[in-house]
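Work out the full structure: start from the sequences and follow the hints.
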Amino acid sequence: MSPFAAWPGHCRSPLSALIAASRMLTLLLISFLLLGGYFQYILKVEAALNERWTPDAGARLFSQRPLPPFIEETAITTFSLPLSTRGRDVVDTTGRRFKLNGVNWYGASDEIFVPGGLDVQHRSVIARTIRLLGFNSVRLPYADEMVIENPHILPHLLTANPDLVGMRALDIYAACVEALTDAGIAVIINNHITTATWCCGADPCDSGWANDHLGPICRVSQSEEDWIQHWEAVMQRFVDNPLVIGADLRNEVRGAWGTMPWSRWAAAAEKCGNRLLQMNKDWLIIVGGTESGNDLSGARLRPVELDIKNRVVYSSHVYAWSGWGSKEGRYSKRSYASFTQAMRHNWAYLVEDNVAPVWVGEFGAPRHPGMGDINYWDNLLRYLKKLDADFAYWAINPRKPHDNELETYALVEDDWLTPILDYRMRDMTELIAGSSRDEWAKIYSEEL
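Following UniProt numbering, the numbering of the sequence shown begins with 1 at its first residue and continues without gaps.
No wet-lab data here; the hints were simulated from the structure.
Just to be clear, a hint being listed does not mean it is correct.
[Said to hold, decoys possible] For lysine to any residue, the following SDA-like pairs were computed, each having C-alpha atoms within a straight-line distance of at most 20 Å:
1. 99 to 349
2. 385 to 425
3. 99 to 73
4. 385 to 352
5. 281 to 242
6. 281 to 86
Written as structure tokens, this is what we have:
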């Protein structure tokens, strides 16, 4: 007799086996139903976030009126230069705060190697448009590949700037900087990406400032020293231009799949920043967060420290899709309380505790938003207004460089002249005016 024969349940009857199988099938069915219900809920949530938003009365009224005039006292030309930092503020030599009210003008970091719109308007006209929108500063991205190759630019990209035809990319980039500063606009140079293309995808070759450790898989390879030398080559042209006020060292450092430790990035930023300050001790050195630019929490215990004091400005990027992977979900889904909690943890503690300036160097939303976009935008702009924050909107461009694709975040029409007067410009005009200059906004609200 087998010793196992006496074990309870060793020999199941057909009926007990059938009952066990029935229970298993019931559990599986319940699991599938619960899982299906969960996915149905997720789909409903996503559908609600993507539902088209109808402009409110305030946005409609704003669109029917001309933009308020440029606030002259915000212009960099009214300040005593150079700039430095004091607590949460960027200040001039008299201690007066210079608030960065900025916009991104991209293109030189993409396949075309030049800022967008030079085929439509003269660069001086684009500079005037930026100023008419109320912005006092521009973030101007470039790619390391632009510095390495420095190619001649195709003439059809320069049809509105015939004096630039035949020039190389770095010369045209410098001409655009000069047009901006001639218009009284402060310029921050931004190293955006290694390979000249739209940023930022999952390519590990462009996830940090150096990629030589990845070997031959990267089409454009550079070491940390190469990266710094590219910076020196770009900034050498602007040493004597006092309205080029700073260097935004790298766009959205993240490492492979978000694995970049803050300590490693901070050390590289210090090395590069100190080299640039040897060229011009007055430049602001701007250091973005990790995790695609959103996370500066590491600076709490490991701040960036340069050889020259009061030169570090931190930068954060905040988009509707930021926050993915977290328990609370993307920012498009968050309540205001949850959103502000994330902002305080990630970067705003530096401002609220008067530790250092934080420039929100990228944020943006589409011209025709969904409800999730509006939820994100309303939460962010409410908070930025409360902080009276420094910022640079992404972006003014009406078209993307690749295939001339429509830029849904644009602030101007295709002519690079006509402003898009919608909810975004309404809120940014209020943000530009700041807490002490909001009387004009009351004109609109009193008529609602």
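These are the hints, each one checked on the structure:
Restraint check for residue 99 and residue 349: the C-alpha separation of about 18 Å stays at or below 20 Å, so the hint holds. Restraint check for residue 385 and residue 425: satisfied, since their Cα atoms lie roughly 13 Å apart, inside the 20 Å limit. For the given pair, residue 99 sits about 11 Å from residue 73 by alpha-carbon distance, which is consistent with the 20 Å threshold. For the hint pairing residue 385 with residue 352, the CA-to-CA distance comes to about 13 Å; that is within 20 Å, so the pair holds.
About 11 Å separates the Cα atoms of residue 281 and residue 242, which keeps this hinted pair within 20 Å; it holds. With a C-alpha separation of about 16 Å, the suggested pair residue 281 and residue 86 falls inside the 20 Å cut-off, and the hint holds.
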